[in-house]
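Visitor: Residues per chain are reported as follows:
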Amino acid sequence: MSQPNVVSIPRTGAVPRPDAIRIPLRDIVPWAIFTTLLALLVLFFVSTEAGAVSLVSDGLVHEFVHDGRHLLAFPCH
Amino acid sequence: MMRTLLVRGMLAGLAAGLLAAAFAYVVGEPPVGDAIALEESHATASHGDAASHDDTASRGDTAHAESHTHAGSPGHASESGAAPESGGVPESGEDGGHEHGDDALVGRGVQSTIGLATGVTGYAVAVGGLFAIAFAVAQGRVTTLRPRVSAALLAAGGFAVVVLVPFLKYPANPPAVGQAGTIEDRTALYFGFLALSVATAMVAVAAGRAVADRSGAACGGLLGVGGYVTVMTIAAALLPAVDEVPDGFPGSLLWDFRLASLGTQAVLWCALGLGFAVLAEKALGPETAPSPEKAPGQARDGAPKAARQ
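Protein sequence lines correspond, in order, to chains A and B.
Counting along the first sequence from 1, when you hit position 72 you're at 72 in my numbering, and nothing is skipped either side.
Count along the second sequence from 1, then add 1000; that gives the number in my numbering.
Hints are computed from structural coordinates only; laboratory data are not their basis.
Please read these numbers as outputs of a predicted model, since none were measured by experiment.
There may be inaccurate statements among the hints.
[As the list claims (entries may be wrong)] Output of the computed footprint for chain A on chain B, the stretches with three or more beta carbons under 8 angstroms from beta carbons of chain A:
(1) 1126-1135
(2) 1140-1153
(3) 1192-1205
[What the hints assert, rightly or not] Under 10 angstroms between C-beta atoms, here's a sample of chain B residues computed to sit facing chain A:
(4) 1009
(5) 1011
(6) 1021
(7) 1112
(8) 1114
(9) 1166
(10) 1175
(11) 1260
(12) 1285
Ideal placement from N, C-alpha and C gives every residue a C-beta, glycine not left out.
Just chain A, same shape as in the assembly (with noise of 0.2 angstroms):
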């Protein structure tokens, strides 16, 4: 991508690197929801569904990722 939206931004201070790119908040945000929301669905399903909360109800989620709920340490059952 062409870089139209990355500020470089000059620092002041006694930082001896000149320059830090910024990329602007408004160009993050939009991206930052999508992503945030799409990470908490996969992480649910990851983490905890059929443990105390249920949206499929017949377990095989759960039991599919068993051993990775174990061992990413989530509480599984």
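Add chain B to chain A, keeping to what the hints say.
Guide: This is chain B only, laid out in the frame that chain A set:
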């Protein structure tokens, strides 16, 4: 640029997830198999036969029609202060339990290979995406270091905040440890403590950055780290403990499992941080940033944002 970073974060997460899954399979599956064998024997005293874990996968597919139910197991001690009102109440119809054997929907052979890899990799890709967002926010605001240094530091901090600190209060438990009746309380406590850790860390970073601008990096770093550690220590002391290790459960097996769990996460975050560091450096590093060419962008956006105070 944000899209590039996001894709790279998820790619780094994918690679990290595969590495962590391999680690979990080699190091973590033996204790998991042992714990399941113990769970199914229902006799935690006779763990001699469970010490040989080589055949647990095949044994898991053969002879035990009996499904385990945690709440009915007599060996479980419940001296924890966590939600005593629901501690003795079994889940409705024991549906909260699950099976590892013939009656199971998913056999042990699938659980310990494809299921494990899917779970760990899915977690890692999701974490990689969130990591890329956190990096984009931090870079140029919290740190002005090179992108690869920022990414590595962020991964170290992320591991401490997301994994290590919650683990110290609510460590991972193998199968056979934990009562079905308390799963809701344990889940709420774990995620509550995790959320508190992340929120406290964000406040600590913001406060530390503000102090560092005024009084120097040492003051800011001390305030940020010290504040975070203080808050989390107090929270950990106040929140109820969860101790549902059944009597007779071998301590060495618990240690092996928890070490394998922590190791899996350590591999995941190391690989994620280092992989993303390389990719972010390519995207944002000084070699690739054409400083003269972005004069128009700077004329439009740079001036107001450059004012720090």
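Visitor: Determine for every hint whether it applies to the structure shown.
Guide: Going through the hints against the structure:
| no. | hint | result |
| --- | --- | --- |
| 1 | 1126-1135 | holds (count 6) |
| 2 | 1140-1153 | holds (count 7) |
| 3 | 1192-1205 | violated (count 0) |
| 4 | 1009 | 9 angstroms, holds |
| 5 | 1011 | 14 angstroms, violated |
| 6 | 1021 | 8 angstroms, holds |
| 7 | 1112 | 6 angstroms, holds |
| 8 | 1114 | 8 angstroms, holds |
| 9 | 1166 | 7 angstroms, holds |
| 10 | 1175 | 6 angstroms, holds |
| 11 | 1260 | 6 angstroms, holds |
| 12 | 1285 | 9 angstroms, holds |
Violated hints for the displayed structure, listed by number in ascending order: 3 and 5.
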